[in-house]
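Student: Here is what each chain is made of, one letter per residue.
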Amino acid sequence: MKAREPAWRVFASEFNASTLKIKGEGEKAPSYVVTPLGAMVNRLFIVGILTDIQNLGTEQEPYWRATVSDGTDRFYIYAGKYATEASSALAKIEPPSFVAVIGKSRTYSSDEGKFYVSVRAEKVLSVDEGIKDNWLLETIRATLRRIDAMEEALQMETPSVQSLVNLGFPASLADGVVRAVEHYQNPDVNRFRGTVLEALEQLLPDRAFDLPLPQDLPSPEEIYDSDIDGEDIDDGEKEEIVLKLIEKLDVNKKGAPLSELIKESAKLGIEEDELEEINNSLLDKGLIYEPTIGRMKRI
Amino acid sequence: MMNKEELAPHVKEIARVLEGRVKEEDIERDLDNYLNVYRMSLEASRRHIVRKYGGDPNALTKGERKTLAQLGLNEGSVDILARVMSSTTREITVSGTPKTIQSGVLADDAGTTVKFTVWDLTKADLQPNTNYLIRYAYTREWNGQPELHLGNRVVVEERPDDEVVVPEGISIPSSGGRSAPQTVKVSGLQDNMYNVTLTGRILSLKNREVDTPSGKKMMFSGILGDETGRVEFTAWEDFNLREGEVVTISNGYVKGWKGIPRLSFGEKAEVTRPKIDFPSAEELSKEAVRTIEDIERTGGAFDVSVHGTIVDIKKGTGLIFRCPECNRVVLKGVCQVHGKVQQIPDLRVRAILDDGFAAMTVVMRKEVSENLTGITLKEALEEARETMDIETISQRFEERLLAKPVMVRGTVMSDDYGLSMTASEARFVTLDVKSEAEALLRKIEVI
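In the order they appear, the protein sequences are chains A and B.
Here my numbering is used: the first residue of the first sequence is 1, the next is one more, and so on.
Here my numbering is used: the first residue of the second sequence is 1001, the next is one more, and so on.
Hint data in this document are derived by calculation from the structure and do not stem from the laboratory.
All the pointers check out, no bait thrown in.
Okay, derived cross-link-like pairs now, BS3-like style, lysine-lysine, Cα gap no bigger than 30 Å in a straight line: (1) LYS21/A x LYS1004/B; (2) LYS1314/B x LYS92/A; (3) LYS1315/B x LYS104/A; (4) LYS254/A x LYS1443/B; (5) LYS1023/B x LYS1052/B; (6) LYS23/A x LYS253/A.
Model the full assembly from the supplied sequences, consistent with the hints where possible.
Tutor: Below, the structure is given as structure tokens:
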């Protein structure tokens, strides 16, 4: 039986953290991106905010690159001449707006060996907020299920597909989880619990949240234990402080969120525009880079 | 690159052909060299090594060498090395002529067992407590397990006692023995099950007379339900069944049609009337919700409800035209069987329903399509007349349906392309997202 590939519900932060690609045997065999929680993604269903769209091609032969944010990170969506339907649909949508995308996972490895994932769109359409909320809920459930499966697998001496299926997980997920355990070596499950909470926060904006991530954040004292007086430090020292801060705030290895960086720097007496200068200088020196917009990471 | 474990069966096979003249370590080193350094194909590497040591490459097996645990349900040609644990011969009648066959149980080093049948005793005659290399055998599924068949292409070779040492204490199934009775719920029924015990309420019942080789016979059929769902049944004997009563059927079996299980019971079955509390007929007629992956496991289901999101709209959705004679979809007024016909307009949806873990096709006939999309056949025809294009209707259908969460009800069957449902009902689902999110949050906070 050659069943259709299911459209996985995966948050951008989980999808983008993937570094494993699997190619089936045979000519028409599908390929999969295996996420750190073991989703074996060939096709995926995404709902989020279209934040940006660019034509990387020509007027006659457009090749669109769009970014869709789901609140945890952003998906990179591509549509060109082989997806005319998705391509013409994308061209008509003005960002920002809620969109649904059904597409296939794609990977790209740079010469330096960095691994990037993206989505080649099959269908793109505008949707309302209800559809987005419904997607968030579904994706939270699916992510929790993967977390469950992953935690079960991590407790097993030798995780196997059969033992996970016996626990009631679907075979496709069990397969992915076993591969993920092997490739990612102890995937950071808690990080994705944090993603789930971020998504729940979107659905329940009025509720006070105890996000586990900020709790884990070091206090400024821990980062820089001596008493700091903003006026007394010179530029070189400030760069050193910001560099350390970026490293410390990078709790999920995706880079330090700029908003956190601004907050924490302010506590140390570095104002926002000064921080921008320091960041630019660090970027120029090649000491940090921007893995995604709004995040800084130490090289 | 092949690792040591994957190489092992081939090393053993080469050693067998070379009749122990060469040490296995040497063969392994050679094979690794050919495959992983010189990147030759496995087949060529095996032949080269055999030739290099003066053996006959043609003695190598060509079928795929597998352990018993690796056997699939439908192997075309497979080689195995195993020990015969039991073996009996018996006579059967094949299209009127008597024939002697042999059956029994094989086991291997890992303690895995498999039943076997020899169809041609001139090709193979397997003696108990003897090791054999069996080449060019095939497997067929029996009750969810592979069974090894030795047909007229088979080649067997007796092997020394120390080549297969079956671990002690493994349980050997008796050949041809029936499995223990299994008590199941409706949602657990799947094709080819037998010796099934099931308790349910008879929700509908009808009888009809059928012609059998032994004369006219009354046969009973209907729908049986429990809290997990409903199933169609056929009773080949008169068990004095009554609509509405709760019955326990023992020694029933399941015959499926395109994966849709149907419970059958005949003269070997027993029907009892347990005195138990059981959901009412009304309750048992409500939606029986199952997931797509769950239905995938059983291969199909009768009258179930499935939740998911529409992620694709297939060709043949929207306004279509049918042949008045055969109901086939016609193109430009021409039926492929009846030629030019007075075509009848109809509405249809063919969509992919997906819940993130599995997907299936859903087909909705006119009334279901109209209800769900809010576009009637009349409106569709008017619009098509105005725009002179029937494609616009399918586009409007797509706009209304794509990315929407729905609940569909119907019977699900399977074919080469997976599951498909013929829907009798379909509706959009709106969730109370906030309270669902609160519930999820509570669950996480507990952890």
